[in-house]
Amino acid sequence: MSPHRADLVRRTLAAATEAAERAGRSVEVRTADGRDVGEGEPGAYERVLVDAPCTGLGALRRRPEARWRREPADLATLGPLQRSLLGSALDAVAPGGIVAYATCSPHLSETTFVVRDVLKRRPDVTLEDARPLFTDAAGDPLPRLGPGPTVQLWPHLDGTDGMFLALLRRA
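Mapping of the sequence shown onto full-length UniProt numbering: position 42 corresponds to residue 42, and the numbering continues sequentially without gaps.
Warning: the hint list may mix true and false statements.
[Stated by the list, open to error] Simulated restraints, written as ranges between beta carbons of each label pair:
hint: 1; residue 1: 61; residue 2: 84; range: 26 to 34 Å
hint: 2; residue 1: 139; residue 2: 84; range: 33 to 41 Å
hint: 3; residue 1: 147; residue 2: 96; range: 38 to 46 Å
I should point out that these hints are in silico values taken from the structure, not numbers from a laboratory.
The structure presented is a predicted model; accordingly, all values stated were derived computationally and were not measured.
Cβ coordinates follow ideal geometry from the N, Cα and C atoms, glycine included.
Work out the full structure, taking the sequences as your base and the hints as a guide.
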């Protein structure tokens, strides 16, 4: 993760970090190659967020010029990297731990297919339902989250960037 992206993630997680610290837990945002964390620190974490590098096609409503910086060949490069990051994160969580895999892409090659491929290779991993995490201010479930267990948000339906989330639990 780049230092700039790490700063954005830190700011986004500020409230969660404070709550975790009050509960005696810590939140760490790292600037490092995530492909190495599973081998270097196996089973060391309860939760890991993989904010996967992606084409960013889900953010076109805010950055329409991004469509001219991407080519179909980018998917061939990003897919193996995304799978490697997710696999390493799964190695880094302890049994019972959760990995949140997130992208700002709606492309199946960066979302569902990555998760599916990793699950095929990892019988020690199950897919959890991410939909309960998405509630309104009153705590009620958001409509239109689909059949689950993953969540894909859409600009034209949800008023957000196109974003994907999958929760994977290591057995």
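Each hint, compared with the structure:
no., hint, in the structure
1, 61 x 84: 26 to 34 Å, "holds, 29 Å"
2, 139 x 84: 33 to 41 Å, "holds, 37 Å"
3, 147 x 96: 38 to 46 Å, "violated, 26 Å"
In summary, the one numbered hint that this structure violates is 3.
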